[in-house]
Each structure stands twice: as structure tokens, then as C-alpha cells.
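Could you put the whole structure together from the sequences, leaning on the hints where they help?
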Amino acid sequence: MSSDTSGFQWFGRGFVALYALFVAFPLYWTLNTALKPLNYIGTFPPTLYPRGFTLDSIVWVLTNSRAVNAITNSLIIASGTTILSVILGALAGYAFSRFASRIDPGGHVSFWLLSTRMFPPIAVVLPIFFIYGQLGLQDTLLGLILLYLTFNLPLTTWLMRDFFDKIPVSFEEAAYVDGYSRFETFRKVVFPLVRPGLVATMMLAWVFAWNEFLFAWIITGNNTSTITTIIPTLIESNQIQWNRIMAMAVVVAIPPTLILIAFRDNIIEGMTLGMTDI
Amino acid sequence: MSTIKEDLRRRLPVVDRFADRDLAPYLLVGPTIVTVFLITIGPMLWSLWLSFNRWAPASIAHQTPSFNGGANYAWLFSQGRFWNSVANFAYYGGVGVMLQVGLGLFLALALYNYVDNKGIRIAMLTLFAVPMMIAPLVVGRIWQLLFLPGGGTVNGILGMLGFSAVPWLQSRWLGLTAIMIADTWQWVGLPLLIIYGGRASISDTLYEAARVDGASRWMQFRRITLPQLRNLIAIAFLLRFMDAYKFFDKLFIMTNGGPGTQTELPTYFTYLVGFSQFNIGRAAALTWVIGLGSVIAMLLFWRSMNTEEMA
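Those sequence lines, one after another, are chains A and B. When the count follows numbering that gives the first Met the number 0, it moves up by one through the first sequence with no breaks and lands on 277 for the last residue. When the count follows numbering that gives the first Met the number 0, it moves up by one through the second sequence with no breaks and lands on 310 for the last residue.
No wet-lab data here; the hints were simulated from the structure. For every residue, glycine included, the Cβ atom is placed at its ideal position computed from N, Cα and C. Where hints are given, some of them may not hold.
To be verified - If the Cβ cut is set under 7 Å, some of the chain A residues that face chain B in the computed set are:
no.	residue
1	V15
2	Y18
3	M117
4	Y179
5	P231
To be verified - Partner residues aside, some chain A positions facing chain B, computed with beta carbon under 8 Å:
no.	residue
6	P36
7	Y39
8	A91
9	I102
10	I130
11	I244
12	V251
13	M274
Unchecked claim - Far from chain B by the CB rule (all over 10 Å, computed), these chain A residues:
no.	residue
14	D55
15	I70
16	R97
17	G105
18	T115
19	F190
20	A252
Printed below as a string of C-alpha cells:
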């Protein structure tokens with residue numbers, strides 16, 4: 000690189016570093032707040048480190064019956080909807096990848112499937128609320144599990160199609176030549192190759208369900224509150240319990256963050272709908 | 000290699016093997032199509048019908064839906080509150096999405112071009128992706144704490160630097176701006192990752208050839224990078240735009256539409272009409288106006304992208 004680039008270079012690096020700081024600061028502050036007693040929160044000047052360090056809030060989140068209940072509900076809902084949407088989505092994604100010429104010649108069906116995500120979620124939940132009222136699905140775990148398919152099923156179908164597309168058809172053809180049945184071919188040839196993609200798809204579907212708020216807020220009541228629906232209501236005696244809320248935020252944010260770190264490449268590919276391969 | 004493959008394909012094409020009568024593909028997609036119809040398309044068609052009805056289950060007079068023509072649509076277009084929310088969206092969506100994509104573009108290129116250490120690059124990409132994994136509602140809560148008018152961290156830090164406190168979240172434009180900052184913090188990663196991936200796949204030979212020809216840095220950006228990334232930038236725009244008009248969680252937690260109704264966005268207004276006033280017909284009309292409006296906006300955007308390409 001010639002010398003005139005070094006100015007650019009240091010400006011670019013400085014900007015990236017500054018932005019990294021901007022991204023990291025609120026994450027740090029969440030932790031900082033969760034580990035302080037309430038009387039050190041909202042002081043001036045702000046305490047930049049967890050002064051009066053205490054794990055009380057974290058312990059509260061992990062022992063308070065309401066919080067534990069919400070975490071359990073969210074775990075069940077997110078896992079249930081993930082299993083359903085990945086099974087259905089993988090089957091459909093495989094068909095869209097391998098039999099596109101037969102079931103979806105113009106690519107309209109798969110696009111139409113994805114385009115259901117273009118309508119705002121409130122458009123779906125408004126009629127569903129009354130349909131669920133009739134079916135007795137309001138305030139049930141099953142109701143939310145099914146409702147979360149509205150955004151997860153198009154996602155898993157789309158992503159799985161993309162992951163199947165990356166496996167050459169010739170592998171399957173070779174297996175057929177070797178006398179494998181259709182099921183054997185899928186189990187022994189396709190499945191091992193698609194597994195990383197499948198895992199990433201599962202993780203993303205799980206994270207989206209874990210993080211969802213609007214549907215849960217409208218459909219659930221006291222029986223099935225989720226992690227996101229109790230966060231707006233953690234107020235006691237007119238005082239916002241910031242340390243407990245941030246402790247809750249930490250607990251809520253840990254699983255998705257670990258998932259991101261563990262499955263980085265495939266998660267990033269999935270987040271960008273298959274467009275980015277780092 | 001390729002001859003073997005082609006030979007194989009000629010002899011044993013999968014499609015021939017599983018003749019047209021084969022039902023497997025339909026059995027594979029069937030459950031998904033049926034499910035999507037039952038939980039999305041069907042209910043939405045019902046809500047389209049409801050949008051032409053007066054239905055307010057909480058009032059005695061309108062407990063069951065009764066057809067009222069286009070009255071719901073006439074009502075909402077006459078509401079100052081609706082147009083206020085549209086104007087808010089124009090600001091939040093327009094400026095916010097441009098900010099996110101612009102920042103993402105700049106960061107992606109800076110990271111790719113100027114940070115040589117691969118480990119640092121991967122660490123940065125991962126860090127920028129972390130906020131995307133956190134629940135938007137939780138992100139809203141975190142930024143609400145940072146922006147608290149009295150005793151908030153942002154104002155605390157501004158105070159330590161000698162500035163006076165800013166009444167974040169307490170007026171229309173400052174409230175929307177605060178929400179926009181929170182949303183940008185969370186979502187810059189998406190355009191950044193898309194564009195970074197695109198930049199990484201541009202062949203270096205293009206730049207080498209340009210340098211040999213003496214093209215300046217700006218010319219390389221203008222003539223190679225931008226055209227090559229054009230479609231990906233457009234997709235990043237679309238994806239962020241799609242999220243912007245669905246936007247709900249952060250607004251709900253950070254300003255609740257307030258002060259008063261000043262920071263309401265269309266989806267939030269819909270939520271209040273539907274689930275606080277229980278005026279279902281009107282809320283259904285609102286969801287269709289928002290949905291169709293966004294589809295039209297996206298089609299126009301896509302068309303203008305394509306005509307520009309031809310020009």
C-alpha cells in the first residue's frame with residue numbers, strides 16, 4: 000500500500016474501534032447494572048463499575064417463582080416451535096431444493112411463503128386472538144408454539160432450501176446408483192452433509208421464538224407469561240427494579256449469545272438469509 | 000470429472016427415476032403449505048373481511064361483526080393520529096434505515112480493507128452480531144435505562160463531560176431519535192454482515208487491474224465496489240425496511256407512544272385500536288393499509304433499482 004493510504008487506514012481502524020466501543024458499552028452497562036444494589040443505580044455521576052457488587056439480582060431471577068416460571072415457559076415454547084418448524088421446514092426445503100421444477104416451477108410458491116413475513120405481525124395476531132378464543136388456545140403454551148410457526152416456518156423452509164441447494168445432486172445420484180433407497184440416501188448421504196445448516200436453522204428459529212414479544216404479550220395471560228412479557232411488569236411499589244430487570248436481561252441474553260459464539264459461521268449465514276459466508 | 004457426472008446424469012436422472020406420478024414432493028411441502036394457510040393466510044383473509052365490518056366486542060351495540068362498507072378505511076384516513084404515526088414512520092424508517100445501511104456499508108468496508116488481522120476481523124463481526132441476538136424488547140429496556148431523563152447513563156456521561164442533560168424520550172423527535180439510536184445499535188450488524196460478505200467475494204484482480212490503470216481510491220470505490228455491491232445493498236435496505244414498519248417492541252417499552260400519542264408508529268397505533276379500544280374492524284383496516292402500503296413501497300423500490308440498472 001502506498002503512503003497516501005495510511006491516513007485512510009487509521010481513520011478506518013479508528014472508526015471501527017470506536018464503533019466497537021459503542022456496541023460493547025450497553026452490553027457492559029447491562030451487566031454493570033445487574034450487579035449493583037438499587038441505590039447505586041441512577042446516581043450522578045454514574046458509577047462506571049459495579050459498586051457495592053452483589054449477585055442478589057441474578058439470584059432473584061433464578062429463584063423468584065414468577066421469573067423461573069417465565070423462563071420455563073419460554074424454554075418449552077421456543078423448543079416446541081423449533082422442533083415443529085425445523086421438521087416441517089426441512090421437509091419442505093428439501094422438496095423446494097430438489098423438485099423445484101415440479102412443485103414450484105416459477106419459484107412463486109417459495110417466494111410467497113417468505114413474503115408472508117412481509118406483513119406486520121399485528122396483522123396476523125389480530126384475527127388469531129379471536130380464533131384462539133374460540134378454540135381455547137389463548138393463554139396456553141400450545142397456542143404460542145403454533146403461533147410462532149407464522150414467522151419460523153417460512154424462515155426454516157427458506158434456509159433449509161438454501162442449505163440443501165449447496166449439496167450437489169450428484170451425491171444423491173451416486174447413492175442411488177449404489178442401490179441405496181430414497182430413505183437410506185437421505186439418512187446416510189444428505190443428512191450428514193446438511194447437519195451444520197440444520198443446526199444453525201434450529202438455533203435461529205429457537206432464538207427468534209425465545210426473543211418474541213408482541214404475540215406473547217397479546218396471547219398469553221398469567222398462566223403462560225414468557226421472559227419477554229414479564230420484563231415490562233417488573234415494577235415494585237412504584238419503583239422500577241432496574242437491577243432485577245437488567246439481571247433478567249442478562250439471563251435472557253446469555254443463551255442467544257452463546258449460540259452465536261458456538262455456531263458463528265452458520266448463524267451469520269442464516270441471519271443474512273444465506274447471503275453471507277464469512 | 001464433469002464428464003463422469005454428466006454421463007451419470009444422462010443415464011440416471013433423478014427426475015426420471017421418480018416419475019411424474021411420484022407424490023413424494025407434494026407430501027414433503029404439503030404440511031408446510033397447509034400450516035401456513037391455517038395460521039397466516041386464512042386468518043389474514045378473515046381479517047380482510049373484518050376490515051369491512053364494524054366490530055367492537057367490548058361494546059354492547061357492536062358485539063358481532065356487521066358490514067359497514069369502507070367506513071373503517073374512511074375513519075382511519077381522517078384521523079390526525081394515523082397521519083402523525085405515518086410521519087413518525089417516515090422519519091424513523093427513512094432516516095433510521097439509511098443510517099443503518101450507510102453505517103453498515105462504511106464499517107464493513109473499513110473492516111475488510113483496513114483491519115489486516117483475521118482474528119480481530121472475526122471478533123469484530125461477532126461483536127457486531129451480538130446485539131441482533133438479544134430480544135428487541137430487552138434492547139429497548141437497556142436503552143431506556145441509558146436514556147432515562149434523570150439519572151440516565153447517557154445524560155450522566157454528558158454531564159461528566161460538562162454538557163447539560165437532554166430530555167430524551169420526553170418529546171416527539173428526541174423520543175424517536177432515541178429509539179432510532181437503540182435500533183441502530185441493534186441492527187447495524189445485518190447490513191454490515193451482508194455487505195462484508197459481498198465485499199469478500201469481489202475478486203482482487205478487479206482492484207489490481209484498476210490500480211495498474213492508475214484509478215484513485217475513490218474511483219475504485221465508485222466503479223468497482225459500489226456496482227458490485229449494489230444488489231446486496233438493496234437487499235439490506237429491503238430487509239431493514241421490512242423490520243422498520245413492523246417495529247413495535249422498542250417503542251412499546253421506551254416511550255409507549257408518548258408523550259401522549261406523539262411518538263406512535265402505525266403498528267403501535269393499530270395495537271392500541273385493536274387491543275386497547277377493542278375496535279377490531281378498524282384495527283383490521285389498519286393492518287391492511289400498513290401491509291399493502293409496505294408491499295407497494297417495496298415494489299416501487301425494487302422497480303426503481305432495476306430501471307436504474309438498465310439506464
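Cross-check of the supplied hints:
Given hint, V15 of chain A at the interface with chain B, holds; its Cβ is 5 Å from that chain's nearest Cβ, closer than 7 Å. Annotation: Y18 of chain A was flagged as interfacial toward chain B, and the flag holds, the nearest CB pair being 6 Å apart, inside 7 Å. Hint status for M117 of chain A relative to chain B: holds, with the closest Cβ pair at about 6 Å, below 7 Å. Nearest Cβ of chain B to the Cβ of Y179 of chain A: about 12 Å, over the 7 Å cut. The hint is violated.
Look at P231 of chain A: its Cβ gets to within about 6 Å of chain B, closer than 7 Å, so that hint holds up. Hint on P36 of chain A is violated. Least Cβ distance to chain B is approximately 15 Å, over the 8 Å limit. For Y39 of chain A, the shortest C-beta to C-beta distance to chain B is roughly 11 Å, which exceeds 8 Å, and the interface hint is violated. Hint status for A91 of chain A relative to chain B: holds, with the closest Cβ pair at about 4 Å, below 8 Å.
Taking 8 Å as the C-beta contact cut-off toward chain B, the hint placing I102 of chain A at the interface holds, the least distance being around 5 Å. About 6 Å separates the beta-carbon of I130 of chain A from the nearest beta-carbon of chain B, less than 8 Å, and the hint is met. Nearest Cβ of chain B to the Cβ of I244 of chain A: about 6 Å, under the 8 Å cut. The hint holds. Taken as an interface hint, V251 of chain A checks out: its beta carbon lies about 6 Å from the nearest beta carbon of chain B, inside 8 Å.
Evaluation of the M274 of chain A hint against chain B yields a held restraint, the C-beta minimum of about 5 Å falling below 8 Å. The Cβ of D55 of chain A lies farther than 10 Å from every Cβ of chain B, with a closest approach of about 18 Å, so its non-interface assignment holds. No Cβ of chain B approaches the Cβ of I70 of chain A within 10 Å, the least distance being about 13 Å, so the stated non-interface status holds. At roughly 7 Å, the least C-beta separation between R97 of chain A and chain B is not larger than 10 Å, which violates its mark as non-interface.
Here G105 of chain A stays apart from chain B, with its beta-carbon at least about 15 Å from theirs, past the 10 Å limit. Not every CB of chain B is more than 10 Å from the CB of T115 of chain A (nearest about 5 Å), against its label as outside the interface. Look at F190 of chain A: its CB is around 15 Å from the nearest CB on chain B, clear of 10 Å, so calling it non-interface holds up. With a closest Cβ-Cβ approach of about 5 Å to chain B, A252 of chain A is found to fall inside the 10 Å limit, against its non-interface label.
Of the numbered hints given earlier, the model fails hints 4, 6, 7, 16, 18 and 20; all others are met.
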